[in-house]
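Protein chains in written order, with my numbering: chain X, 1 to 134; chain B, 1001 to 1520.
Be careful, since some hints might not be right.
[Unchecked claim] Footprint (simulated), chain B over chain X, 3 or more residues, beta carbon under 8 Å:
1) 10-23
2) 112-120
[To be verified] Okay, the calculated beta carbon distance ranges per label pair:
3) B:Glu1183 with X:Leu11: 41 to 49 Å
4) X:Leu30 with B:Gly1424: 24 to 32 Å
5) B:His1190 with X:Tyr110: 58 to 66 Å
The set of hints was computed from the structure by calculation and includes no laboratory data.
Note that beta-carbon positions come from the ideal geometry of N, C-alpha and C, so glycine has one too.
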Amino acid sequence: MTPVAWSEPRLLSQRDARTLAALAEVLVPLDAEDVPLGRVDLVARIERLLEGENRVFLRMTRLALWMLEYSPPFCGEGIARFSRLAADGRQRCVAWWETRPSWRLRNIYYLCKITVLSHYYDDEAVAAAVGYRP
Amino acid sequence: MLPADWKPSRAAAYRADRVERGDRLQGNVSVQCQVCVIGTGAGGAVAAAELARAGLDVVMLEEGAYLTGEDYGRLSPIESIKATYRDAGMTFTMGSPGILMPYGRCVGGSTVINSGSAFAMSEETFAYWKRTHGLPGLEWPDVARHFQRVGRTVRIGAVPEELMGGNGRLLREGAEALGLAGEVVTRNAHGCLGRGRCYLGCPENAKQGTNLNYVPMALEAGARLYTHCRAERVLSEGGRAAGVQARATGGGARLAVRAGAVVVACGAVFTPILLSESGLLKGNRHAGKHLRIHPASRVIGLFDREIKGHIGVPQSYHVTGLMPRDLVPEGIFVPPFLLAPAVPGMGRGHLELMKQYPRMGLIGYRVIDSGEGRVAGTVMGMANVKYDLSPQDTRKLVEAMQASGEILFAAGAKRVWLPVFGRGEAGSVDELRRLLSRPVAAVDIELAAYHPHGTLRMGIDEKDSATRPDGSLFGVEGVYVADASLFPESPIVNPQLTVMALAGVVAERLAEKRGLTLAA
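Make the full structure from the sequences, and use the hints.
This is the structure we're talking about:
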């Protein structure tokens, strides 16, 4: 289980939320001193974006997270799910996705990456912490 | 005209008696008018205002909301995107590769969310349009007159030095060091404070989107506006326009607009889709084809000094010296939430790089594409835009990428990140050239596009085109197009002003057919 405590998912599933949290922990350091990952409720933010939009985007997001969740066997990380891998296993898995020769596979991962990073850095405190002061 | 004490901040409340939200309609509604204009962006708003001021009874339909600076000031960046972009900005082309192509969906359309760059198409470019597509009845003096008319209304001026921002300055510095010609961008902004939020809706009402000028002018002249209404069908009877069938967003009430003329201005992707779904493009061989998009990408540079690119106008300078090669590097800058996915690394390493945000410089570039795509209806409610990047355009993009990287190094960048799979980072010009010396596959470049055009191009006849030079659609009387779909070729420059000028021409021709002239 992941140590972040976000909202209960309404549009995403519990599994999606776990995958999201596991990926977020790879992309953003949990102990980021300025704004810890756990304080930016990614599940709530992502659901606010997807709510009321074409259901295709919700399905695409869920499909991409599902593929990431069940990808460890293809990444050489055994049969465990992505969200249940240790931190270094998840990092290797992400590196595997980032280096796929197929642009379609890379884009699946890229959708997950954009989803996490853009919502994390949309937070006012996070943006200010990296020097964004409009 | 607008009253002398007009303030943009009053726009949303202005003539509230003539603005109605479709999602608050009580039951189905039927209205009658002389002209129904679909869309309130660069084309629709101009057409509606000119027609209403000429004395015609106009109804405007807009799928999005009527927002102004006060609203944008309250919203977070992603909330702004959700409020103003179609499908929350997640729209992309289907093809090789998929290209992010966002569209506006609010009163003002893409004029609310673009950078504000406003250039008139050159006479030389128009002459090329004439040579290649004839365009009988459309002459440069007419078009130039409408460019001037629009320019006065949207208050075009060059970006002042104090608002250029560090990113624009570094582009100028790098370009000058390499001997490349460039110029300060002209924009439709007035009272800009340089907060760098142009793409998210201007919180100061400084950028003069059509939500702040042409839409209020149309309302003042007696037009009615229905927001939150999506046009579903353009109706025709006996080969003539008969009106529009619309539905409130969220699937609520139906709105039937009876009109003798319909002006469609939903942009180069959604105008052909709407007309096709209305059954008005049967036998129109060029409809939906000839799509060009000005494919674009970016290069990020890391500097030792602070650039603070987020302060100032995000797109304030562009390089003109490479235009003969169809390449246009432009200084752009974006907030962290858009930049973060493009920064390499993960975890601690990524965060440390993101903390260099104030030291980053960003050059965007677009190319004038020679390849073509097409709009092929919808799939699961999304526009099905087929566009494959041609090998020639891929080479142009790589050339623009290299030029932009060299400009960043000339301005003092220590590292440059490229948007190409497997060619991530260069520490010097030599390394940059070496990385890009091997062929680059189109699918390996991260791409976006902001200027779709050409899908209902105007021309002499149906053998060559989908519309006449007065914007009227072949095959059905009284249906007009007033957006970038009309472009027979690229305008080379950012298309906003060309769309507005052509919409003015379309409105003038339509008014003349009714024995009316445009107001002074």
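Verification of the hints:
1. Under the rule that three or more residues need a Cβ within less than 8 Å of chain B, the assignment of the segment 10-23 of chain X is violated, with 0 such residues.
2. Closer than 8 Å: that is the beta-carbon criterion, and the segment 112-120 of chain X has 6 residues meeting it against chain B, so the requirement of 3 holds.
3. The hint said 41 to 49 Å for the Cβ distance between Glu1183 of chain B and Leu11 of chain X, and at roughly 47 Å that hint holds.
4. Checked against the hint of 24 to 32 Å, the C-beta distance between Leu30 of chain X and Gly1424 of chain B comes to roughly 25 Å, which is consistent with it.
5. One distance hint, 58 to 66 Å for the beta-carbon pair His1190 of chain B and Tyr110 of chain X, is violated here, with the actual separation near 39 Å.
In summary, the structure is inconsistent with hints 1 and 5 from the numbered list given earlier, while agreeing with the others.
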